[in-house]
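Visitor: The residues making up each chain are set out below.
Number of protein chains: 2
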Amino acid sequence: DPTQQENYFSRETLDRLSGKRTDQAWLEAKQSDPHTVYLLFSNLSPMVSSSQVKESGKVPHHLHKEVHLYLALIRKYNNQWWEVTKYIYSTTVLIFLGVEKRKKPSSSSSPSRSSQRQEGTWEPPAWFAIGSVEDSAELLKRCSENCSFPKMPNRDLLTLSEEEAGEEEVWWLRLGRPSRYSVCPTCGGSTKLEEGGYKRSCLNSDCKSLQGVHNTCYPRVDPVVIMLVIHPDGNQCLLGRKKIFPVGMFSCLAGFIEPGEAIEEAVRREVEEESGVKVGPVQYISCQPWPMPSNLMIGCLAVAVSTDIRVDKNEIEEARWFPRQQVIDSVFRAVRPAFSLPPRQTIAHQLIRHWIGTSSNL
Amino acid sequence: DPTQQENYFSRETLDRLSGKRTDQAWLEAKQSDPHTVYLLFSNLSPMVSSSQVKESGKVPHHLHKEVHLYLALIRKYNNQWWEVTKYIYSTTVLIFLGVEKRKKPSSSSSPSRSSQRQEGTWEPPAWFAIGSVEDSAELLKRCSENCSFPKMPNRDLLTLSEEEAGEEEVWWLRLGRPSRYSVCPTCGGSTKLEEGGYKRSCLNSDCKSLQGVHNTCYPRVDPVVIMLVIHPDGNQCLLGRKKIFPVGMFSCLAGFIEPGEAIEEAVRREVEEESGVKVGPVQYISCQPWPMPSNLMIGCLAVAVSTDIRVDKNEIEEARWFPRQQVIDSVFRAVRPAFSLPPRQTIAHQLIRHWIGTSSNL
Ligand SMILES: Nc1ncnc2c1ncn2[C@@H]1O[C@H](COP(=O)(O)O)[C@@H](O)[C@H]1O
Ligand SMILES: Nc1ncnc2c1ncn2[C@@H]1O[C@H](COP(=O)(O)O)[C@@H](O)[C@H]1O
Ligand SMILES: [Mg+2]
Ligand SMILES: [Mg+2]
Ligand SMILES: [Mg+2]
Ligand SMILES: [Mg+2]
Ligand SMILES: [Mg+2]
Ligand SMILES: [Mg+2]
Ligand SMILES: [Zn+2]
Ligand SMILES: [Zn+2]
Chain A
1 DPTQQENYFS RETLDRLSGK RTDQAWLEAK QSDPHTVYLL FSNLSPMVSS SQVKESGKVP
61 HHLHKEVHLY LALIRKYNNQ WWEVTKYIYS TTVLIFLGVE KRKKPSSSSS PSRSSQRQEG
121 TWEPPAWFAI GSVEDSAELL KRCSENCSFP KMPNRDLLTL SEEEAGEEEV WWLRLGRPSR
181 YSVCPTCGGS TKLEEGGYKR SCLNSDCKSL QGVHNTCYPR VDPVVIMLVI HPDGNQCLLG
241 RKKIFPVGMF SCLAGFIEPG EAIEEAVRRE VEEESGVKVG PVQYISCQPW PMPSNLMIGC
301 LAVAVSTDIR VDKNEIEEAR WFPRQQVIDS VFRAVRPAFS LPPRQTIAHQ LIRHWIGTSS
361 NL
Chain Z
1001 DPTQQENYFS RETLDRLSGK RTDQAWLEAK QSDPHTVYLL FSNLSPMVSS SQVKESGKVP
1061 HHLHKEVHLY LALIRKYNNQ WWEVTKYIYS TTVLIFLGVE KRKKPSSSSS PSRSSQRQEG
1121 TWEPPAWFAI GSVEDSAELL KRCSENCSFP KMPNRDLLTL SEEEAGEEEV WWLRLGRPSR
1181 YSVCPTCGGS TKLEEGGYKR SCLNSDCKSL QGVHNTCYPR VDPVVIMLVI HPDGNQCLLG
1241 RKKIFPVGMF SCLAGFIEPG EAIEEAVRRE VEEESGVKVG PVQYISCQPW PMPSNLMIGC
1301 LAVAVSTDIR VDKNEIEEAR WFPRQQVIDS VFRAVRPAFS LPPRQTIAHQ LIRHWIGTSS
1361 NL
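Sequence lines, in order, name chains A and Z.
Read left to right, the first sequence gives residues 1 to 362 (this note's numbering).
Read left to right, the second sequence gives residues 1001 to 1362 (this note's numbering).
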């Protein structure tokens, strides 16, 4: 099956250009390029300037001319561009996100969204994110006229378009992390951002984190298994509900992969822990990056080799075998379905859809 | 294909019993159970007592009676059993690893390796690891007679049996981590181990890491994609070599999954970054936990949609398309192979073997 499932949050609107992260000259040039796009946040709330219509959910884009005063202030308080978190609780970060994946626009399209270099070779616009917390928010307001950071308490991430979801994910991942990881976990020392904000290194030159094999300075990606367990008869699947789910909703079981585990083992362990059901063969289907805080949901079908359910009440309120027809009714929103499913933007929904699209024999 | 590839380091000899991690009474009972197995380390070197033959590579097992003095000392210096790293640089950790997966032995087998509870129900032996660094090593030597921590500088992890590799991986992962992650990365405060040593929580009750959605207190698992890229003609594959590889050795390309990426996207990005080759369909094959420091290698076949190679010299010294027959010669160690491959314990080797076992059309 060469047509790959594209899950919500997995569209990449930016090319990360990881090779440019160490190219200071290139990064600095892009920072002052008039076509560069900035996303500005304070405590994960996006900055909205008065000239921008506040569209619900959508993160506003800012151009260099709107943020150059702020950039100058960051530079003033730091010796180097990227050392913006030199002291603990210094809380403004500038992060290179990537460049737009869009191809060179045709001559008829607006020139304002592309970048023209002297030599005339077209380059796609670069994107940066600036995040600040506490006092820095004041600073930011002072240098950008008529700007505010409206709190968006009930922002429903699942109502965004695929494109918007991709953007949303980018800044959430890159800005959510720094405030949780500003101290070196090995020695407690201050850290500085490097590589366009991707890496965070300890400033204490004696620190063990600077020697040998280690991962402390890189952002985390936490792999999670999420699995649809199929009954040995091939015509029922196992779904569970947590206490916090809306009434009547059931979903796939899921759990964090632990150190030293393979994907398939994590599937077997989590299913047995949460439901008491034993799993045999496991098949990878597709995956979904999930930005809260930084998970990679690895979606599998798993074939049960036992059927008795014994639920772990700490994690799951109830788990049941559902007949295929009931599941089809829920996916296609029959008039009175026996239960409801998570929305189509979730990989759980997509795994279930995948299963009802297959024959009863795996 | 229901028979799943089992890769080196992926055999689980212990059942993690994650549900017991919060059961203090059970953990304490197991700690003094005479059948409990302890693995003792100082700076990742295993403790060997004079009664034990020092088998090369194998980590010695210790029973409760050999370590009870040491356990008493740990308890004395800490208010609670699990608070063994209460102060920064306090450096002894006691970690619950799990219980043996082996079934109840038949009555003919030795009773010394099983645990008999009052009621007569058999329980498999529990395993714990104790790791100490610096001064604690002295402490440990003083309370265990005739013990030493012989340095094993050239231990070749790849020469262990599957079973030993599974064990090795367990302690490496659980003990290697605490010394790199003893400080709270959010506030710089001291941390304590909880849940039998699985979780590390901040002791500062105001810390943001104790509020909301976060992952700072859990051990890391870093997902990596490793891929065999197949030529569009189906009969060649792309292999590369890093400068540090032995002369003549080539292997699969690989790279860390970044936050917000799906597995398939990471494959496409890393292959293009390192070799300039563009990839279309990606197929997951199998995975391998790799304990240095804590990676999950996700193995894929990837079909190239371009063939020109432009190597990123920072990461790769050389990359080439190799014809299937040359690859077969290398796998089966023909007399004069064109190049050599990494050993069979690596997932790279297994991916290559998988490919030569498939037809030329994917
Ligand atoms: N990396 C992590 N991030 C968040 N929670 C984790 C992580 N690893 C383990 N957990 C714990 O796993 C619980 C959810 O269980 P499960 O998803 O079934 O593994 C959470 O409530 C946490 O206590
Ligand atoms: N979690 C991580 N652990 C170790 N190195 C990482 C990690 N994330 C990114 N890197 C960097 O990735 C480089 C290897 O490149 P690659 O494996 O191709 O992604 C290393 O030399 C590190 O600079
Ligand atoms: Mg669970
Ligand atoms: Mg779990
Ligand atoms: Mg779960
Ligand atoms: Mg790379
Ligand atoms: Mg990389
Ligand atoms: Mg690489
Ligand atoms: Zn440090
Ligand atoms: Zn803290």
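A hint or two may mislead.
[Stated by the list, open to error] With a straight-line cut-off of 16 Å between C-alpha atoms, the simulated EDC-like cross-links for lysine to aspartate or glutamate are: (1) Z:Lys1313 <-> A:Glu162; (2) Z:Lys1020 <-> A:Glu272; (3) A:Lys65 <-> A:Asp23; (4) A:Lys20 <-> Z:Asp1015; (5) Z:Lys1101 <-> A:Glu273; (6) Z:Lys1020 <-> A:Glu162; (7) A:Lys20 <-> Z:Asp1308; (8) A:Lys20 <-> Z:Glu1100; (9) Z:Lys1020 <-> A:Asp23; (10) Z:Lys1020 <-> A:Glu194; (11) A:Lys101 <-> Z:Glu1315; (12) A:Lys101 <-> A:Asp23.
Hints are computed from structural coordinates only; laboratory data are not their basis.
The structure displayed is predicted, hence computed values, not measured ones.
Visitor: Of the numbered hints stated previously, which ones are contradicted by the structure, given in increasing order?
Guide: 1, 3, 4, 6, 7, 8, 9, 10, 11, 12
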